[in-house]
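K.L.:
Heads up: the sequence shown runs through residues -15 to -1, 1 to 328, numbered per mature numbering (1 follows the signal peptide of the UniProt record, and there is no 0).
Careful: at least some of the hints might be erroneous.
What the hints assert, rightly or not - Heads up, simulated DSS-like pairs for lysine-lysine below, C-alpha to C-alpha not over 27 angstroms straight-line:
no., residue 1, residue 2
1, K106, K62
2, K59, K101
3, K150, K252
4, K257, K106
5, K315, K195
6, K206, K101
7, K272, K248
8, K75, K50
9, K257, K315
10, K195, K248
11, K206, K59
12, K40, K59
13, K272, K150
14, K62, K195
15, K315, K273
16, K75, K106
17, K272, K252
18, K50, K150
19, K206, K257
20, K50, K10
21, K206, K62
22, K273, K257
23, K75, K10
24, K10, K40
25, K150, K206
26, K50, K101
27, K273, K195
28, K59, K75
29, K195, K101
30, K206, K272
31, K50, K40
32, K62, K10
33, K195, K252
34, K195, K206
35, K59, K150
Treat the hints as calculated values from the structure; they're not laboratory data.
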Amino acid sequence: MKILLFISLFSVAFAQRLVPFNQLKGGNEQDRLPGTVPYGIYVSAHTDATSVLMKIFVVSNGTLKSLADLRNSKTTKQPGELAVYTITDKNAYVTTSLPSSTLQRLTGVMFISSTKQLNDKNFHVFDISGHFTIPPQSQGQLTYLFLNTNYGTNPYRSSIISEWKQDQNTSAFIYPGVPTDAAEGHNRQIFSNPVQSVNNFSPFIANVEKFSLSLGAFYMKTQGSPGFRVEPGYWSIDGMTTSALNTTGFYMKANGQPDSLVKVHIKRDGVKGTCGVNMLGSLPTGKKVTIGVYDGTYQFEETTPANPFLQSWSVQYIGENFQFSSDCEKPGEYYVQYFVSRG
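Using the sequences and the hints, build the whole thing.
P.N.:
Below you can see the structure in the form of structure tokens.
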């Protein structure tokens, strides 16, 4: 099975920091690590056999560390959190006696951090090979990077986020790919709370619906932090009804996933309010996404290309349902955050 390192258009600049094992060279060649010392490395390789990873080594300052050891290296503070392996040797490399044909079947990845990330006590990397819970934090600027190399989910490398608990004085932004030291581009997040809208409507919404992301790597930047549960798997929102009168949720159409019409029913009580969406993505040329809110014969609907920056709209009523679809079949991906604000 060959890893598909399609993180999206938004993170091309990040790709040099995430090294897929199937690009490593075998036959005792030395693959120089591309980091600038000192830096940290983290390994996620859920599907790869331990017997193979035990024969692939990171060599630094004359010390050999197998990829199997790095995959199993976790912190004692938080379940699921990977322990950093620090590299201070500018000539560090990866080597193995295995043939390249064996390496090409691997699906694991190695994340190489920057020096700044290595020294940041609020930078954390998690491997989504099992379930774990991130506790809420009342303060501090935190970065959580999540790596998923689980090919047993459908779509591949899918993660479920649930049990979201967040204080209104905190904020959280989710991005595809891996973080760099540079600031994120304006309106490039795929999810946020408070909801960030280009229409100057940015409500904090306490209730966040259970949702899935199908990405090999994604990260969250926070001020303070919500608490939430993470686990491998896919949660379909098609046909669901939102669980609260004020709520926000998320839908992602993954690259390679067959597209279909997704409908989310809205819990409502007749009180006026606002509902809307944020959308961004990357689709083949000429393909478009259709998103709308519907209520009997009334509807507001937009059909537009998916761009790598936020596109937003909202309406001053609460409809019966949201609907999301595109005409791109399998290629391409797009992300939708929907929200309902009553009153």
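K.L.:
None of the hints should be skipped; say for each whether it holds.
P.N.:
Comparing the hints with the structure gives:
Simply put, K106 and K62 have alpha-carbon atoms about 12 angstroms apart, close enough for the 27 angstroms limit, and the pair holds. Distance hint between K59 and K101 is fulfilled; the C-alpha atoms sit about 21 angstroms from each other, no more than 27 angstroms. In summary, the hint linking K150 to K252 is supported, as the alpha carbons are separated by about 20 angstroms, within the 27 angstroms threshold. The straight-line distance between the Cα atoms of K257 and K106 is roughly 45 angstroms, outside the 27 angstroms bound, and the hint therefore fails.
Restraint check: the Cα-Cα separation between K315 and K195 comes to about 24 angstroms, which is no more than 27 angstroms; the hinted pair holds. With a C-alpha separation of about 15 angstroms, the suggested pairing of K206 with K101 holds against the 27 angstroms cut-off. A hinted pair counts as satisfied when its Cα atoms are at most 27 angstroms apart, and K272 with K248 qualifies at roughly 20 angstroms. With a CA separation close to 16 angstroms, the supplied pair K75 and K50 stays within the 27 angstroms bound.
Using a Cα cut-off of 27 angstroms, the hinted pair K257 and K315 is violated, with the two alpha carbons roughly 38 angstroms apart. This hinted pair checks out: K195 and K248 have alpha carbons roughly 15 angstroms apart, not beyond 27 angstroms. A threshold of 27 angstroms between alpha carbons decides the hint, and for K206 with K59 the separation of about 21 angstroms falls inside it, so the pair holds. For the given pair, K40 sits about 20 angstroms from K59 by alpha-carbon distance, which is consistent with the 27 angstroms threshold.
With a CA separation close to 36 angstroms, the supplied pair K272 and K150 exceeds the 27 angstroms bound. Restraint check: the Cα-Cα separation between K62 and K195 comes to about 25 angstroms, which is no more than 27 angstroms; the hinted pair holds. Simply put, K315 and K273 have alpha-carbon atoms about 13 angstroms apart, close enough for the 27 angstroms limit, and the pair holds. For the suggested pair K75 and K106, the alpha carbons sit about 23 angstroms apart, so the restraint of at most 27 angstroms is met.
A C-alpha spacing of about 31 angstroms is found between K272 and K252, which places the hinted pair above 27 angstroms, so the restraint is violated. The straight-line distance between the Cα atoms of K50 and K150 is roughly 38 angstroms, outside the 27 angstroms bound, and the hint therefore fails. For the hint pairing K206 with K257, the CA-to-CA distance comes to about 33 angstroms; that exceeds 27 angstroms, so the pair is violated. A distance of roughly 17 angstroms separates the Cα atoms of K50 and K10; the hinted pair therefore holds under the 27 angstroms criterion.
Between K206 and K62, the direct Cα distance comes to roughly 20 angstroms. Compliance with the 27 angstroms bound is thereby established for this hinted pair. Taking the CA atoms of K273 and K257, the gap is near 31 angstroms; set against the 27 angstroms cutoff, the hint is violated. Between K75 and K10 the alpha-carbon distance is near 19 angstroms, which keeps this suggested pair within the 27 angstroms criterion. Straight-line distance between C-alpha atoms of K10 and K40 comes to about 13 angstroms, which keeps the hinted pair within the 27 angstroms bound.
For a cut-off of 27 angstroms, the pair hint linking K150 to K206 stands: about 16 angstroms separates their Cα positions. Proximity of K50 to K101 is assessed by CA-CA distance (about 23 angstroms); at most 27 angstroms being required, the pair is judged to hold. Distance restraint check for K273 and K195: the Cα-Cα separation of roughly 26 angstroms lies within the 27 angstroms cut-off, and the hinted pair is therefore satisfied. Taking the CA atoms of K59 and K75, the gap is about 25 angstroms. The hint holds against a cut of 27 angstroms.
Between K195 and K101, the direct Cα distance comes to roughly 33 angstroms. Violation of the 27 angstroms bound is thereby established for this hinted pair. Restraint check: the Cα-Cα separation between K206 and K272 comes to about 31 angstroms, which exceeds 27 angstroms; the hinted pair is violated. The straight-line distance between the Cα atoms of K50 and K40 is roughly 10 angstroms, inside the 27 angstroms bound, and the hint therefore holds. Taking the CA atoms of K62 and K10, the gap is near 35 angstroms; set against the 27 angstroms cutoff, the hint is violated.
Proximity of K195 to K252 is assessed by CA-CA distance (about 15 angstroms); at most 27 angstroms being required, the pair is judged to hold. A distance of roughly 19 angstroms separates the Cα atoms of K195 and K206; the hinted pair therefore holds under the 27 angstroms criterion. Of the supplied pair hints, the one linking K59 and K150 holds, its CA atoms being roughly 25 angstroms apart against a limit of 27 angstroms.
Comparing the model with each earlier hint shows violations of hints 4, 9, 13, 17, 18, 19, 22, 29, 30 and 32; every other hint is respected.
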